[in-house]
Amino acid sequence: MSQAWLPLATLATSLLVVPLIFALPERAWRMRTALNLSAALLKVVLVALMVWGLYQGESYRFSFTVVQGVTFLFQVDALGLMFAGLSSLLWLATTVYAIGYLEDSPNRKRFFGFFSLCVASTIGIALAGNLFTFLLFYELLTLSTYPLVVHRGHAKALDAGTTYLRYTLTGGLVVLLGVVALHVMVGDVTFGEREMLADLGPEAHGLLTVLFLILLLGLGVKAALVPLHGWLPRAMVAPAPVSALLHAVAVVKAGAFGIVRLVYDVYGIGLTYQLGLLTLLAVIATVTILYGSMRALAQQELKPRLAFSTVSQVSYIVLGISLFGPFGTIAGLVHLMHQGLMKVTLFYCAGNYAEELGIHRIDQLDGAGRRMPLTSIAFTVGALGMIGLPPVAGFISKWYLGMGAVQANMPWVILVLVASSLLNAAYFLPILYRLWFRPGPAHGVGEWPQERRLGRFETSGWLLWPTVSTAVLSILAGLLAGLPFSPLDLASFVTAEEYTP
Amino acid sequence: MIDRLGLLAPYATHLSDFSAMMLVLGLPVLLGVLAACWQPRRSWPIVAFSLLPLMALAWLSFRVLPQGGQTWLIELGSLTLQWRANGLTLLLLLLTQVIVLSSAAYAPAYLREEIGSKGQQVWLWPLQGILAASLSLIWLAGDLLTLYIGLELMGLAAVGLMLLPGRVDALAAGMRYLLLALVGSLAFLLGIALLLGAWGRLDLVGLALAAKPGVLLWVAVALLSAGLLLKAAAFPLHAWLAPVHASAWTPVSALHAALVVKGSFFIVLQLWLVLVPEARVAAWLVGGLGGAAVIWGGLLAWRAAKLKDVVAWSTVSQLGYLLLGFSLLIGTTPSVAEVAWEGTWLQLAAHSLAKAGMFLATGNLIYSTGESHVRGLAGASRRMPLSLLSFGIAAISLIGLPPSAGFTAKWLLLHASLEAGYWPWIAALALGTLLSAAYIFRVFRYSFVEDAEPLDYRRVPWSMELFALALALASLLLGLVAEWPLMLLRAAGGGA
Amino acid sequence: MPPFLDALLALAMVALAALVLLDRHLVRACAWFVAFAVSVALTWWRVGFAWLALLELLLGALLTGAFLFYALDVKLWAGAPQVRLARWRDPVPLTWRRGLLRLLPALAVLAMLGMALASLADASGPLRAGGLGLIGLGLWAFALHRHLLRRLLAFNVIGTGIFLILMGLVGDRHPAAGHGLVVTGLLVALLGTALGALLIRRLSGLEVRGVRSAARAGRGGA
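Quick note, the sequences are listed as chains A, B and C, same order. Residues 8 to 508 in the numbering used here are what the first sequence lists, from first letter to last. Residues 107 to 602 in the numbering used here are what the second sequence lists, from first letter to last. Residues 19 to 240 in the numbering used here are what the third sequence lists, from first letter to last.
Only chain A is shown next, with the shape it has when bound in the complex (with noise of 0.2 Å):
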């Protein structure tokens, strides 16, 4: 069945590598690297396959009874290749950087191993087709990010890692009985197929409201939905590739994705419409992204400011799902990639600067900027994306969240983009200042934490090549989104499927 193995080959090129690495000694960084790398080029190219596949109208497909009534599905649709093409691309350059990153740290061996099985989790998660898959796969997202967060090893990393599995498994487990509810009252849901809740009738609506709402709760711990967002700054301990990858490309974004998937996929739009629900999701999302952004704030050190702007970055998503419309959809899907890129540039960037200079908090970030100036370029680039700046991705995310807000009649909304914007601008504005207008280390002035030269160029190649290549993604996604196949164009094909009956 040609229309089978696509889907698990792709699977299977990041799940057979881990017992590989495993089987590995320590020492053989070599083969090691050469696996991982050619293991993350072959997933990049059979995402493209499938995405090529899908256009041509292809369908991929592959399922087997787990139990009576229950079935374990892979179905490739186009949000699902959405996030699985974000996934690959994005696991590519963070493996080149952890490659770098991780230069001279143990347990090399064990790191790449549970990296391997986190992306493979987080194709799982994108190519399944129904509740079950989603959730096998979210739950072993939860098992293989675990040894990632407390790869450091002492007291701290290891507080973060029990904090991060308290509220991943708990909600892991409201998932996991919000799905067998559904399975009890319904069947098994494949998505796609909205009218089999949609069918109920009305007396049905008041446990569909619950059961959304437990469902919800569940997703939003990995989302990080305000007030279950409170594993994301603890984790932020852990190696800067790991915060790269919980953060912009597996395991936020799966909850959010989830979150997508519960509107579109398993409810439909007009349910939820129907059931006011878009309506909680709009001032949660609200909450979320508001509260994100005064926390940032008030943070002093860079890491844990890029972690509460994630979280409440990735409330655009939600923010965007909440709008009733086409561009509201769009919105949110084309943010969910836009933010990936943006995202997982600030980090490469957090992390070249606690690298090269042991840079960790942002008053000693001073000057910076003419020490390293790509990183630096890098981190502009994503900081305008966040504000919302023309060329950056991050301009057409909140353009069409605008418009989506005046199509869905909730004019607050542009009070909120509005506000938003002006606090991104608050917490990343400073520090662009710092990197590029105060006198720092390189221009005499201090001296920098930890120095270390690292590379040829401002630092390491491993580490720059990344941080450039997904700065200049962001850009690219913005000026050529008018272009086929770009972030905005595949946003708007699924939106369009969704949308027409």
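There's no promise every hint is true.
[As the list claims (entries may be wrong)] Simulated restraints on C-beta separations: (1) B:Glu-559 <-> A:Glu-458: 24 to 34 Å; (2) A:Met-38 <-> B:Asp-275: 44 to 54 Å; (3) C:Leu-80 <-> B:Leu-160: 38 to 48 Å; (4) C:Ala-30 <-> B:Gln-173: 37 to 47 Å.
[To be verified] Simulated coverage check for chain B against chain A, where a stretch passes if three residues somewhere in it have a Cβ under 8 Å from a Cβ of chain A: (5) 146-155; (6) 497-508; (7) 518-531.
[Unchecked claim] Residues of chain B placed beyond 12 Å of chain A at every Cβ, according to the derived structure: (8) Ile-180; (9) Val-321; (10) Ser-553; (11) Tyr-563.
In case anyone wonders, no lab produced these hints; they're calculated from the structure. A quick note: this is a predicted structure, and the numbers were derived from the prediction, not measured. Beta carbons are placed, not taken as given, at the ideal position from N, Cα and C, and that holds for glycine.
Let chain A serve as the given structure and place chains B and C on it in line with the hints.
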């Protein structure tokens, strides 16, 4: 429900089927005695010889399954025994043989490395054989006398196995176990006596038809259940389990926690389904005990300082899930009972495989670090990835995280509880999951510690690693391919 | 069978059981146990179960008694005992407070059993009454005593009581099934007692070794 248990299966007509069954029963004992004479030093002869009972089982399945099940009548003078085999029986037989094989194959390296020349090693093999045979007898039994014989043999063999280390703590714990096992047997015998006296039959099919509710039935069932639940370490009669495991040999612990307590559970479930299938309130009581077991066992495992205690208390907790399944099978609607039927047996199989794997992996960890406390694992993830991996994979099934068999079983039990509307059981399942995660990840937290002093790690022999990993992986894979064994459960006379 | 003789036999059986369970001197208690087993065998013979009588004599009186004496390290053919007599006394006193808690389940069992038997209005009274008495005594002893050997004796007494009740209920109607159960039960009781006896020997041996090595260490250190 008795058709699901295979009790209404057609009578056998071929002698070959009977011989297949006698081979399945007799070969383990024979092999055990053989091993006692020969005293194997390596694992592969054990694996090779253990294929013989597996082949006999395959032969038996081949003969039995096309008809859905078979019953045998065995006449000993004027006494008639009734044995039966159906899909459920065959699956339980397979589970028994797999775990006994793994435990027996683990033993030579373990005895050589860890035990040296202490204790009574030669008795391990015949006792394991007798244990396997008595368990098979329990699964096959269709009348109370055979059940009694099987139960007693199993109990005595289990006590004997626990006494093998020969140290004072093992003997003291074994003494307590012996006394409680004997008391349990007495209660069981008294219950059988009352049933026989009232209705004059020992075969389960006849009792199912003849039993009338009344004082006698209730007293008999109460006595039977008390004895059997004591042997199954159900809350609150569980206190003997943890001390016994603390001092037992690793392969013996694996075998015991995986199968021996399950044998008693199987008997008590079977008897309730035969005698009192509509006893909703009483089943709720047992379910309540199960919920209490889940929480109490989980809490004590969380607080335990020694690794083996964590795993032993985890057994008490997981047995609570099985008791929850009890109350979902008795006195509920057929659709709920159907889902709960699959969930209970899947949970039994998942727990057996995972717990056996976990005990073997724990044995490896203790051997390698030389420490039996949880904090002795500090920094272990760097040096012993394979043992920790086996422990971790088995733990995934125990906590009930996907894609393991424990997850699928928990899914089915949740489905049944939600459909029946039994909210307390849902809370118990949820709390149980969180508690298991707490005590498992507490162990892993120690293993990730970086700034611990490096200990001297002994290299674990590959055969010990292999079987721990194999059992753990089996529990994982069973989760995804659960439909095939469940089809057997359904097809053999237990269809919707 | 003359009822007076049967009643006397039943009474003797129960009295011997009481002696077995109440005596603190363990060797004497085991001797009473052998006598008790003989009286049970006589009862079986009187009621008409010759095979059971034979088995009871063999397994109950001979083998079980042998194991019990082995546990106490008594060599009947030797002269004076070779170990101190003090070890043959159960030193643990009865504490009524803790004992009461354990007695409650025993009383519950007896009550339930009584109710169940009452609902089965049948003949063959002495077997049932004797059995009930034995079970009561045995449960009381098992609940209150702490010494392993005394608990083993109690277990044997309870077992015998259950066999009596069993044969009383089914003896004339379904002898085969009843015989099967009792024979199995006798074998199990024997094996259990044997295991227990081995345990007691091993434990006391380890204790003696422990005491001796501690004494040697003490003397060596001093």
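**Prompt:** What hints, given by number in increasing order, does this structure fail?
**Reply:** Violated hints (numbers, rising): 4, 5, 10; every other hint is consistent with the structure.
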